[in-house]
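Undergrad: Here is how the chains run, residue by residue.
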Amino acid sequence: MQRARREQLQTGLMLAPSVLLLGLFVLVPLCVVFAYSFALRDPYGAVLPGFTLDNYKELIQGVYLQIFLNSFSLAAMTTGLCLLIGYPVAYYIAFKAGRAAPALLLLLLIPFWINFLIRISAWVVLLGRGGLINQGLLASGLTQLPIGMLGTVGATLVGMVYAFLPVTVFPIYAALTPLDRRLLEAGADLGAGPGETFWRITLPLSLPGVLAAALFVFVPSMGVFAIPVLLGGGKEIILGNLIVQLFLEFRNIPAGSAVSILLLVFSGFGILLYMRALRRVEAMK
Amino acid sequence: MTARTGTPGWAMRNLVYGVSGWVTLLTYLFMLLPIAVLIGFAFNAGKSTVVWTGFSLRWFQKVVGNGNILDALQVSLFVALASAALSTAIGAVAAVAITRRSFPGRDLLAAALAAPLVLPEIVLGVALLVFMSFAGVTLGYATMIVGHVLVSIPFATLIVRAAASSLDPRLENAAADLGADEWQTFRMVTLPQLMPAILTAFILSATLSFDNLVMSTFTSGVGTTTLPLRIYSMLKLGITPEINALGALMVLANVTILLLVMGRYLPLMLKTNRQ
Amino acid sequence: MTNRLILGLAATALSLVAALPAFAEDLRIYGWAGEMPDEVLADFQKETGIHVTFDTFDSNESLIAKLDAGGSGYDLVNPSQYAVQILINRGKLVELDHAKIDTYGKIAPTFQNVSYDTGNKFSIPYVWGTTGLAYNKTCVDAPITSWKSLFDEKYKGRVYMLDNMLAAYIAGLQVNGFRANSTNPAEIEKATETLIAQKPLLAGYNSTNFADLVSSGEACIVESWSSSVLQAIADNPDVVYVLPEEGGTMWIDGYAILKDAPNPEAAYKFLSYILRPEVAAKTTELTKTATVVSESKALLPKEIAENPAVFPAEATLAKADFILDLGDAMKLYQDGWTKVKAAK
Chain A
1 MQRARREQLQ TGLMLAPSVL LLGLFVLVPL CVVFAYSFAL RDPYGAVLPG
51 FTLDNYKELI QGVYLQIFLN SFSLAAMTTG LCLLIGYPVA YYIAFKAGRA
101 APALLLLLLI PFWINFLIRI SAWVVLLGRG GLINQGLLAS GLTQLPIGML
151 GTVGATLVGM VYAFLPVTVF PIYAALTPLD RRLLEAGADL GAGPGETFWR
201 ITLPLSLPGV LAAALFVFVP SMGVFAIPVL LGGGKEIILG NLIVQLFLEF
251 RNIPAGSAVS ILLLVFSGFG ILLYMRALRR VEAMK
Chain B
1 MTARTGTPGW AMRNLVYGVS GWVTLLTYLF MLLPIAVLIG FAFNAGKSTV
51 VWTGFSLRWF QKVVGNGNIL DALQVSLFVA LASAALSTAI GAVAAVAITR
101 RSFPGRDLLA AALAAPLVLP EIVLGVALLV FMSFAGVTLG YATMIVGHVL
151 VSIPFATLIV RAAASSLDPR LENAAADLGA DEWQTFRMVT LPQLMPAILT
201 AFILSATLSF DNLVMSTFTS GVGTTTLPLR IYSMLKLGIT PEINALGALM
251 VLANVTILLL VMGRYLPLML KTNRQ
Chain C
1 MTNRLILGLA ATALSLVAAL PAFAEDLRIY GWAGEMPDEV LADFQKETGI
51 HVTFDTFDSN ESLIAKLDAG GSGYDLVNPS QYAVQILINR GKLVELDHAK
101 IDTYGKIAPT FQNVSYDTGN KFSIPYVWGT TGLAYNKTCV DAPITSWKSL
151 FDEKYKGRVY MLDNMLAAYI AGLQVNGFRA NSTNPAEIEK ATETLIAQKP
201 LLAGYNSTNF ADLVSSGEAC IVESWSSSVL QAIADNPDVV YVLPEEGGTM
251 WIDGYAILKD APNPEAAYKF LSYILRPEVA AKTTELTKTA TVVSESKALL
301 PKEIAENPAV FPAEATLAKA DFILDLGDAM KLYQDGWTKV KAAK
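Chains as they are written, first to last, in our numbering: chain A, 1 to 285; chain B, 1 to 275; chain C, 1 to 344.
It should be emphasised that the hints constitute simulated quantities derived from the structure, not laboratory data.
In this text, a Cβ means the ideal position worked out from N, Cα and C, and glycines have one as well.
Please note: incorrect hints may appear among the correct ones.
As the list claims (entries may be wrong) - Under the rule of at most 25 Å between Cα atoms (straight-line distance), these lysine-lysine pairs were calculated in the DSS-like manner:
| id | chain 1 | residue 1 | chain 2 | residue 2 |
| --- | --- | --- | --- | --- |
| 1 | C | Lys-339 | A | Lys-57 |
| 2 | C | Lys-199 | B | Lys-236 |
| 3 | B | Lys-62 | C | Lys-46 |
| 4 | C | Lys-100 | C | Lys-121 |
| 5 | C | Lys-269 | C | Lys-100 |
| 6 | C | Lys-331 | A | Lys-57 |
| 7 | B | Lys-47 | C | Lys-137 |
| 8 | C | Lys-344 | A | Lys-57 |
| 9 | C | Lys-331 | C | Lys-199 |
| 10 | C | Lys-156 | B | Lys-236 |
| 11 | B | Lys-236 | C | Lys-282 |
| 12 | B | Lys-236 | C | Lys-137 |
| 13 | B | Lys-62 | B | Lys-236 |
| 14 | C | Lys-106 | C | Lys-46 |
| 15 | C | Lys-259 | C | Lys-269 |
| 16 | C | Lys-269 | C | Lys-282 |
| 17 | C | Lys-339 | C | Lys-190 |
| 18 | C | Lys-282 | B | Lys-62 |
| 19 | C | Lys-156 | C | Lys-190 |
| 20 | C | Lys-148 | C | Lys-137 |
| 21 | C | Lys-190 | C | Lys-344 |
Claimed, not checked - Chain B regions said to be covered by chain A (calculated; three or more residues, Cβ under 8 Å):
| id | stretch |
| --- | --- |
| 22 | 59-69 |
| 23 | 108-114 |
| 24 | 122-129 |
| 25 | 191-204 |
| 26 | 228-237 |
Full structure from sequences and hints, please.
TA: Listed below in structure tokens is the structure:
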């Protein structure tokens, strides 16, 4: 009896710091943002008490729809590209690299030892008209004039894939490694072609990793703001840029809060979709 | 590899491996080439980051003599260490509780601890700034450390949870049978087994904090200009090899830390990762 | 081993805190990146023993957002003219006691009574410059003189606009023959259309590394603040800065003391110090930005004192607009700018 109570107390003490942290610095702030999203403001940016749905109504305008569309398409393209590139890489590391696997995983993280902005600026230099890529193209005679690559969607995508690729490889790798190679080979021995083995055994079994990777790429990429500005020329703004603009440039805290809440709802949807898909995948097994 | 040489299956498998091999090769070129070029031009004599004019170490001298960078480095190191210590401690304790104890709302807490991973950081940063101003808190080290803890705690918790769930409870039972009290068991049996995961969590948290720009933008106060914030204002004045030199030094520092501090734990860490 | 490691890390963290130097007096300044040389701060520190923490921001908007959050902890801030107005209206600034600034008389008469802050009641102007165009001589055939070049099909994909609402509207309004500080809804609407039509021609909006982009030839023409591009001009003779014939704008970055400043007395000492002609001259020499201290011009090397990008001729300056807080019209600009940013 006493032992049980002591254990309860212990558990409580163990949980207190994280519950306090999440409650005070995540839950309460998000509630404040939620409340602000219905508030009014004066022309100088002060939040005034009151209740209005205008902050949300304004978001249904065409202008904002365009920005939502931009965000979705950029996030979808980033996720697609990351999966397309990340899956074979994870597959190779898991099944083919052997003892080099840990080293390969570490190598993938090297760019992250350098500050994010320095990494992006390295791409600004590489993709520039005088940069190495153009120097190479000119020298090889493939083009006569340097190609303007900065300020294009392509440049943004390069930056996004560069930033999110490791996040893609790790969960897929983690899902692939426990797959028993003997199981896969048994499939082959039973007459299933390697293509069939891959489609019917490997891919379905690694789907939870693929889904996790998709979630980790899709949701954060809607909130990115530095990459579209520095590589994409800031022409196609996405939700992250919109939030910065509303909070910092326009000092419209209620509108910025409304967009934040919306982004939160989108993320929530993403997580729900992920969990449903995960359940379906697990039911398949 | 037992696939039979010469069969169509063997050829197909080679193709699958071949494709993945080529993609992997190109991916590593894509990931590492920019870094190689970046480091290379840190040694450029001229002011250009595109045209090579000769070898020089002057940009390294400039970085090392730049008081602003050194100040920012000090701030960044302090915030990284403090936030990593906090997030690892809080995350590890919570992770152990989640895997070892049953209590109401366990799944909810586990999900909540992972939530910042999928909450856009910018929303979290804005929410924190709005809340701090609402509560009348002065921005500074404390606000920034809290912000960075939020960014890193999902990773810290997940890493320690993975390790804790793979522990063999029989070991602890054996210790208890041998007369060790709870605290002794934890300190002598459980903790040492979790140590590689805890260190991994610490290093990862510190790295995330050291690289953070978004959260820092919203939570910085007087004198808490971190390295990324300083680099951002340096970029405004133009990309010179000084930035490259700084990047090269960062790689060097990381390799050194990895070799020195982790030399002992790296093999262990990699082993846990591969499980 | 484990314990030692943890102890070691804790000791490192503690020593880092302890290493933060303790000074008798502190002054905390929040200022523009690149407008106050480190040497001036170090000299001030040496002379007065007051330790200066100088943090930087990159736009008036982020300055205001930080101050709005309250309890910023700074003594002195460095807003531009329209930001001074907003901060006065938000009740953030203290009324200055000019008697405490013994060098106040060194400020040129034109800057002693600025329109945005009558009688310099709340702010001391310090550096000033213009918003105009910078271009790279190697990729244009004739000298650029007008905003029209930013809207010229010929330079498609080689033009950057400042990534700042009020700055972008300067070009959008003036190219249509309107004033840059217009509050007329029809004029703002027309400027919005012009900026949307311009978008396909742009390489992008950039207020970060645009000087680098024009210097490297990545961009041919960029909308630019004079102060940001002067270092690039010093390094690369192909870069030219001009105030366009439509006028461009003039801006002033001043200093103001916050109401909740922990150490206003040190702030006054700093203001007295930076208005000394020799200190102002040093500021101009190192940052290539003009100050309001007219006597300092005589102390400058000829190539700076006679550089029209640093000190434009009176006649060109007379045509420049002066952007003030636009009050209720701000909403029109914001709605328009969001449309521009969302446009394809």
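Undergrad: Looking back at the hints listed earlier, which ones does the structure fail to meet?
TA: 22, 25
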